[in-house]
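Undergrad: First to last, the sequence lines map onto chains U, W, D and Y. Taking our numbering, the leading residue of the first sequence gets 1, the next gets one more, and so forth. Taking our numbering, the leading residue of the second sequence gets 1001, the next gets one more, and so forth. Taking our numbering, the leading residue of the third sequence gets 2001, the next gets one more, and so forth. Taking our numbering, the leading residue of the fourth sequence gets 3001, the next gets one more, and so forth.
Read the hints as simulated data drawn from the structure, not as lab findings. One or more hints might be untrue.
DSS-like cross-link-like pairs, simulated, lysine-lysine; straight-line CA separation at most 30 Å [unchecked claim]:
1) D/2089 - W/1124
2) W/1069 - Y/3420
3) Y/3308 - W/1079
4) W/1069 - Y/3436
5) W/1308 - Y/3429
6) Y/3219 - W/1308
7) D/2089 - Y/3167
8) W/1069 - Y/3330
9) Y/3167 - W/1308
10) Y/3219 - W/1069
11) Y/3281 - W/1308
12) Y/3308 - D/2089
13) D/2089 - Y/3100
Residues of chain W placed beyond 10 Å of chain D at every Cβ, according to the derived structure [to be verified]:
14) 1004
15) 1077
16) 1087
17) 1110
18) 1113
19) 1122
20) 1129
21) 1147
22) 1164
23) 1191
24) 1204
25) 1206
26) 1214
27) 1274
28) 1320
All values reported here derive from a predicted model rather than from experimental measurement. Where is the CB? At the ideal position from N, CA and C, for every residue including glycine.
These are the residues of each chain, in order.
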Amino acid sequence: MSMLEIKNVSKHFGGLKALDNVNLSIRAGTVHAIIGPNGAGKSTLLNCLVGKLIPDTGSVMFDGNSLLGIKPHEINQLGVSRVFQTPEIFADLTVLENVMIPCFARRDGAFRLHAFETTEREGGIIEKAEQILIDVTMQDKRHMHAGSLSRGDKRRLEMAMCLVQDPKLLLLDEPTAGMARADTNNTIALLKDIKAKRDITMAIIEHDMHVVFSLAERITVMAQGTPIVEDAPENIKGHPKVQEAYLGTQAA
Amino acid sequence: MDAIILQVLNGLDKGSAYALIALGLTLIFGTLGVVNFAHGAIFMIGAFVAVTLNRLLSLSYVTLDPSQKNFLGQPLEVKNAYVVSWFGDSFGNGLINWSVPIAIVVSIPVMLALGFAMERGLIKHFYHRPHADQILVTFGLAIVLQEIIKAFYGANPIPAPAPEAFRGSFDFGVWLGFRPNAIIYPYWRMVYFLFSGIVISGVFAFLRFTTFGMVVRAGMADRETVGLLGINIDRRFTIMFGIAAAVAGVAGVMYAPINSPNYHMGMDFLVLSFVVVVVGGMGSLPGAVLAGFLLGIVESFASMNEIKSIIPGIDQIIIYLIAILILLTRPRGLMGRAGVMED
Amino acid sequence: MMKINLNDKILMLIVTVVVLLAPFILQPFAEGTALAQFNAGYPDLLQRIVIFGIFAIGFNILFGLTGYLSFGHAAFLGVGSYSAVWMFKLLSMNVIPGILLAIVTSGLFALLIGWISLRRSGIYFSILTLAFAQMSYNLAYSVLTQFTNGETGLQIRLSDPRVLDGAATNGTLPSTNILPPSLVNGFEMRDTYQLHLGNWLFQFNTGYYVTAVILILAFYLSLRIFRSPFGLMLRAVKTNQTRLNYTGINTRPYTLAAFVISGMYAGLAGGLLAAMDPLAGAERMQWTVGGEVVLMTILGGAGTLIGPVLGAGFIKYFENIFSKINDTVLHHWFSFLPDGLQNFAVDLIHPFVGKGWQLTLGLIFMAVVIFLPGGLVEGSQKLAGLFRRRTKKTGGGPDEQHHPKTTPHVAE
Amino acid sequence: MSKSILTRRGLLKTGAIAGAGLAMPLVFSKGAAAYTNEPKGGSVTLGFNVPQSGPYADEGGDELRAYKLAVEHLNGGGDGGMLNTFSSKALKGNGILGKKVQFVTGDTQTKSDAARASAKSMIEKDGAIMITGGSSSGVAIATQGLCQDAGVIFMAGLTHSNDTTGKDKKANGFRHFFNAYMSAAALGPVLSSAYGKDRKFYMLTADYTWGWTQAASMKAFLEHEGWTMVKDVRTPLATTDFSSYIAPVLNSGADVLILNHYGGNMVNSLTNAVNFGLRDKTVNGKNFEIVVPLYSRLMAKGAGANVKGILGSTNWHWSLQDAGTKAFVKSFGTKYGFPPSQAAHTVYCQTLLYADACERAGTFNPCGVGEALQGFQFDGLGNGPVLYRAADHQCFKDVLVVRGKENPSSEFDLLEVVQKTPVDKVTYKPDNPFFKGGALGQCNPGA
């Protein structure tokens, strides 16, 4: 069964074809990596999935719902969470507050005027938030300002914010970009752990092949706005089309 | 037809005043990211450079004329300007007569110095502070500058007339084949229009064709990157602040003969100039100029009797109405860039 | 019943006590002494400080929490005043219907303006609100004069119907009340009890205590909003709206709710202004008034609970007390000095008081923002923290106000 | 500033505890005051509420100078000024009713809210028995309403709108200054004799209450003279550049432009009109003329040479040659070094008139004072014989038609008096359509 079904999606910016008739299917419960050289259209594709961009043509079906033309928060409410290349967190709030917000979003939906409850007394929410902080081993930092965290911790926090929503599909945009090797390995371990504990589908955009091959069960290679190969990791290594795309022997 | 031409002329003239002020404000927004509520006060100080020069040139010694009486019945004090007694009647009076154009020359170094002093002494400490702090400190500065001027010159307007050669008006109507008096336009307003055209093109040429300007434009687009190139962008921004102050200052000098300067004229212009800048689009110099002229012309047309009789009171709200419509249809104003002052 | 924590209870208690005892606290100097000039414990100023405090508390819910800087809140203040005065003219001099209508109409007006303006953010939002307020002002001043009475302002008249009160028969204008004088005396807004204690004179005004109770309620409400999940969402809007959207939150209804709530606070303040003094002028809608509440909030500390009230008090105090110090007063103060010195001292202070009060205010704005960044509350906390650190060599105290850190500047 | 025990309107009970009555029960007793702020000690406090910031700060400053001079004269200081020429001899130079006159000052900012706040502070905090001042009609009407409510007398300063003593008149409020109707009544005949019977006029009118009443009055009187109106165009108050309103004037067939503007509006519109060269033009075979119905000398200074030859009206001018004017100009000029403005004159007169009424009534009670002012006829205050009419509390006196001087001998010598329109030409009935609606109501003593 496929969780995400992308059909014939194209996106132009002026004369530039960022996405050219993309067809991609992500099966439920898999970790699916999308790789490709710079400018292959990976990020554009991701932006089309979360409602930041609207494709010119094609359709995007998620779990039986079309994602086209609906707003980012509606897409999230359907069960899609996204981790950004540079962590998007609430820098002025505490770590705990950062993870409480997605809990509220899950419980109360896109809007609820809960102006007369007290945040501190939201028992279920706080427990859930503290649990996820334990899961990502940040419980001792829960009263710190998120803005003062280290880069690695910010990423970890962002992941916690996504995970606490129990998303059906987690989109990860270069989750280890700029990380030291040790941090990268921690992140891999974290993601593996998550995968083991939850029924979750992940789509990862990544440059770091170490990460890709540690995690992915399926890999799509994109070049020049279109997927060129999709296969299991072991078949991707040494695939001639992939080498062509990366080494640029194809006339470009 | 003649009425329309007339209002286009008026609009261009108003627009050039708006554009000049908005240009300086945009330079400061765009380059320094500072919300400068004191910009109107700088414009006002420019106008008072003209007043001050006029006063300095008219500095007089007093002789008593026993043949005339003053209001207390004592001999009348007759004022004799020093410049007249030093340089003779024609040249001395000529200097006084031409005090406003002379003030333009004087105002440039004065306003540059004021701009540098403001930037180095105060504004530079606020680059990394929240907009709220910038608003508070520049608003405070605006009040202080105003009150200082008020302490010296009082609250009432003080005339700073144009040279006699530029008084009176030109009959465009005859020139264009309409009947006499159909389209008349004061000479000084034409001078103002031409002058602001020169200043605006000067600023654009400076930014486009000099290395300095290129660096500043690059800095407006991406400050960090330019900083990484090892270019001392801060010093250049100081100079830009000075230039913005000078642009506002000369705009003020030139405006003095059109409306007698008073100490609160800056505040009167402040709201409008913010509207112009934002309608033009944050950080866009061409946008500021375009919006200045657009709003000037729209305002002039809204004051036409033909239009006021259809929608009474339209001239009261037209500027704001247009601003709202533009901002709703074009999210970042006419020519604004994404991400500037949207947080 | 109080679902708030201990620190907040203490804060509430302090605010309540200070507000209720303000007629004492702001009247520290004996009558007839030179310093009596600085007394602020008279009804009108007390009322004004409290009312503008309410205005600023409401403004802070929008600006302090979400970071949306509105320059147009004067419009809601004005609408509130007009609504209240119309109630006094048509229905009754009792202030309650007037204030209720003020809240309702300003809320509706805020809904309309907010719904349009919140399509944009940052300075674009600010200018939209400014444009709406200036339009309202110009229309109220010159165009819609049958509703607003233009320049002169809307006033109560002998000929007004006042259907609940019955016609005034004795040729004197009635005054606003909280309980009708036909039932019980002493509850007209202008009723004042006086207490002479030695050379001290204290005035307890019914109107002040009505506004004071409303202020305490308004403050409590704002505290609850600050501590609620709703408040958390608003603070999240300020720090990262993108993340909030991708977290499944629709930010528009949150910001709109904050806008409408703050608009209703402004309307309440406008209604109270009219209740204390039944006149509503178009000037109340001018951008300078909207700018004043911005300054009050920033001066006191945007995003802090108590800051806006302090800022409001500070500015209103200056406006009313410093503008009244004239040369005669100065000479009186320095009368102990020999003549020459006396004149010198008077000349020295002269530019900063009386007609120069705005100069002093401008200097104070600059001083506060330079030396107390973040406003009076946060600035003094930082100073206190600095002092503690110096004495104890430990870290600063916990950030009780949850005040957001400074946002990066625009060119970044 | 020392002052007597305070009593106030709305005061219910007053409690006095001598010394430090720590645990003593507070005994409240009914206040003994008969009216608001009844002076109990040896002095009486007047409240001078003038614009000290904002565009009219200079008018306000001049008013304050005149107030200080008036206080000095009332307390027997200086040369006595117009006390010596005033027809009523009730004032002795020993204060008012034997009490030394003191004063407090405040800033109206030319805003109704600020003016009322300032006036209230004077009444509530400083115990002022009378409020006076103001430099615009909106502020004057707002303050007048407040004083009516508080139970003190309001002696209006510079306010020219018909409404102040028309539909917004109040029993506790009194106006010495003339009004829009009187300006128009005085100007009508002068304009038609100066510029001819067959004129077409175009009006620019400040778009608020005062502007409208001024325009309506001008239209009525000029049409009475046989002139025809081409257009009455309203200009927003916030306008600084009037070019788009002035440019179409010449083409409209009008040969006279009436500028119903005051203050900064007047300076700018007049300057713009002159810059457009209107005065050099000939239309319909006649010289194009500009008229400014209400002149302010202080403001006219801002228009510089542009006022030369332009007709308008004023309440008073320092160059008048009667004894009262001479005395006032002498004491003001000696003290401050320049001649007083009409704003200074009117507030000086108001202060004297108030003090005199107190003396004649023998009380500070607003109702007594009001009664003494109602129908009071006096002379010697610079305007010739004057009547304070009981029906609307408006002073009726000659109106000066002035013209911008061609060759001013000094910076103060801007206007010359063209004609004094006698009082009977500008008098109207209290129920005149321009003034009807509203009622004085009962005088309110407070307490």
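Undergrad: Each hint should be assessed against the structure and marked as holding or not.
TA: Against the structure, the hints:
1. D/2089 - W/1124: Not satisfied, since the Cα-Cα distance of roughly 53 Å exceeds 30 Å.
2. W/1069 - Y/3420: holds (23 Å)
3. Y/3308 - W/1079: It holds: about 20 Å lies between the C-alpha atoms, which stays within 30 Å.
4. W/1069 - Y/3436: violated (47 Å)
5. W/1308 - Y/3429: Violated - the C-alpha atoms of residue 3429 of chain Y and residue 1308 of chain W are around 35 Å apart, more than 30 Å.
6. Y/3219 - W/1308: holds (20 Å)
7. D/2089 - Y/3167: holds (16 Å)
8. W/1069 - Y/3330: Satisfied, since the Cα-Cα distance of roughly 13 Å is no more than 30 Å.
9. Y/3167 - W/1308: Answer holds: residue 3167 of chain Y to residue 1308 of chain W is near 29 Å, not above 30 Å.
10. Y/3219 - W/1069: violated (40 Å)
11. Y/3281 - W/1308: The hint holds at about 27 Å.
12. Y/3308 - D/2089: violated (48 Å)
13. D/2089 - Y/3100: violated (42 Å)
14. 1004: The claim stands: residue 1004 of chain W keeps its Cβ more than 10 Å from every Cβ of chain D (closest is about 25 Å).
15. 1077: The claim holds: residue 1077 of chain W sits with its nearest Cβ about 26 Å from chain D, beyond 10 Å.
16. 1087: It holds; residue 1087 of chain W is separated from chain D by about 36 Å at its closest Cβ, greater than 10 Å.
17. 1110: holds (22 Å)
18. 1113: Residue 1113 of chain W is indeed farther than 10 Å from all Cβ atoms of chain D, at 20 Å.
19. 1122: violated (8 Å)
20. 1129: Per Cβ check, residue 1129 of chain W is inside 10 Å of chain D; nearest 6 Å; violated.
21. 1147: Per Cβ check, residue 1147 of chain W is inside 10 Å of chain D; nearest 4 Å; violated.
22. 1164: Nearest chain D Cβ is 36 Å from residue 1164 of chain W, so the label holds.
23. 1191: For residue 1191 of chain W, whose nearest Cβ neighbour in chain D is about 31 Å away, the distance exceeds 10 Å, so it holds.
24. 1204: holds (20 Å)
25. 1206: holds (20 Å)
26. 1214: The assertion about residue 1214 of chain W holds, with a minimum of 17 Å to chain D.
27. 1274: For residue 1274 of chain W, whose nearest Cβ neighbour in chain D is about 6 Å away, the distance does not exceed 10 Å, so it is violated.
28. 1320: violated (4 Å)
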